[in-house]
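These protein sequence lines map, in sequence, to chains B and P. Heads up, the first sequence is in my numbering, so the first residue is 1 and it goes up one at a time. Heads up, the second sequence is in my numbering, so the first residue is 1 and it goes up one at a time.
Warning: the hint list may mix true and false statements.
Calculated cross-link-like contacts (lysine-lysine; reagent style DSSO-like; alpha-carbon spacing at most 27 Å) [stated by the list, open to error]: (1) B:K184 - P:K70; (2) B:K195 - P:K70; (3) B:K230 - P:K129; (4) B:K168 - P:K25; (5) B:K68 - B:K32.
Derived from the structure by calculation, the hints contain no laboratory data.
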Amino acid sequence: MSTATQMPWMMAPETYLQPWQDFYAKLLAMPKVIEVMRRTRVGATPTRPVYREDGLRLLEYETDAPRKYRTPLLLVFALVNRPYILDLKAGKSVIAHFLGAGFDCYNVDWGTPTPGDRHLALEDYVLGYMDHCVDVVRRRCGVDRVNLIGYCMGGTMSAMYTALRPEKVRNLVLMAAPVDWSTKDSLLALWSDEKYFDIDRMMDVYGNAPAEWLQVSFQLLRPVANLVEKWVNLYENLENEKFLEDFFAMETWLNDNIPVAGEIFRQFVKYCFQRNLLIQGKLTIGDERVDLRNVRCPVLNLVAQHDHLVLPSQSTPFNDVISSTDRKVVSFPVGHIGLAVSSKSHRDLWPSVVQWLGERSEPLTG
Amino acid sequence: MASNPFGSLPGMNPFTSFWTDFFSKMVAAGITPATPPADMAEQLRRSFFDSMSKYCDEFMRSEAFLQAMKQSMDNALAWQASMNQYLQKGLQAAQMPSRADSEQLVAMVRGLEDRLFSRLDSLAERIEKLEKAASRGEKTERTRSKS
Chain B
1 MSTATQMPWM MAPETYLQPW QDFYAKLLAM PKVIEVMRRT RVGATPTRPV YREDGLRLLE
61 YETDAPRKYR TPLLLVFALV NRPYILDLKA GKSVIAHFLG AGFDCYNVDW GTPTPGDRHL
121 ALEDYVLGYM DHCVDVVRRR CGVDRVNLIG YCMGGTMSAM YTALRPEKVR NLVLMAAPVD
181 WSTKDSLLAL WSDEKYFDID RMMDVYGNAP AEWLQVSFQL LRPVANLVEK WVNLYENLEN
241 EKFLEDFFAM ETWLNDNIPV AGEIFRQFVK YCFQRNLLIQ GKLTIGDERV DLRNVRCPVL
301 NLVAQHDHLV LPSQSTPFND VISSTDRKVV SFPVGHIGLA VSSKSHRDLW PSVVQWLGER
361 SEPLTG
Chain P
1 MASNPFGSLP GMNPFTSFWT DFFSKMVAAG ITPATPPADM AEQLRRSFFD SMSKYCDEFM
61 RSEAFLQAMK QSMDNALAWQ ASMNQYLQKG LQAAQMPSRA DSEQLVAMVR GLEDRLFSRL
121 DSLAERIEKL EKAASRGEKT ERTRSKS
């Protein structure tokens, strides 16, 4: 069909017809979009709870893969979202890598704090819940020490736990775990500054950190990407079923927010974000001082290069203050959540992490 | 040269720098009126979103925004505190339990739990010591009877 027209000031027909055709094609794809949305399921691997304490559940992942290592793996996620991000869907599951390699995998589901949980502090979470979970895993697997993987705030808590109970941790892997808030380069650190944020007053009024407030805060860190670009990309990919499956799985998790217990949130903001006590060795949990130099086990520190939530400068200093001789920082070109869900991470990063951990774990003999 | 009447308005500098950045990105991408590339719309959109993101980030780091955020938070907290107080008084007048009452109950139960566990731990320690002493006593008896 010739694109020349009799009247040169008129647009060629396909110039204005094509966008309309695209629009109608997307309209016709809507039933498929709704179908994908309705059948979205998150959490690829079946689990069963093996321990409960208050609202917490310790989940064991079930698998038919043969077990090759005695040393089990305990994953600790942050308190601000659900932990199934580490097992989001088939092809985007960190857990699947370790199960396939022969590890026993456990995940801590912190549960949803109620208003009565507002007084739960770092001491309750790190020296209480986490320690009890570690003891349960040690008992079930018949080992003295476990492998610990901590993600984001869960990584910070894992670092604290390893410093306080080094005899129970064989290897430590951190994923985008902040430990040093000396610079205010990230927006989150800037907004949390005590000049602009009265955390004590907020916790006195609200009790727990509200889930909706946390979600809005995270969205506002990248308003254009989260509020505009995301939906433009969705519109452009309405006919791409694979894209839709990934999109709705992520949206399920992103909107599955939970509140954070008031006292631990207050301590995190005040003692970590505002006063940066952890990296200085001045943070106390209960009666014990957290000295990161007590971390002597092998450490693998995974850092996301394009992380806007936890900047690399907030994670990498951990390796400079610990006493471990076997320690490594791996900086990977993804964002904060991309460490767990991006195709690039699952193709290039996690196989090497599994190998690193396998070399340092006790094999199953006999 | 006439002065810019808009230049003194608050927030104009980031605004003008956003549009300057946007147009410079367009030129860098080769998008000029004379040479529109095939995927012009997408490149335009990309440039616009990148510039907008950068502008938003700069704005959210500005003192004006931070103070506005603090003010907004203070107002929200003041309103919520008043609401909490009002509801507390209303529930008390109606002799109904409030959230503060249930939080107090939970704190009492946790305190009780801590005291009980602490007592159990000390009892367990004492039993362990007694068992060790008893087993040492048995060993001594056996040694004496053998000799």
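Unsatisfied constraints (hint numbers, rising):
3, 4, 5
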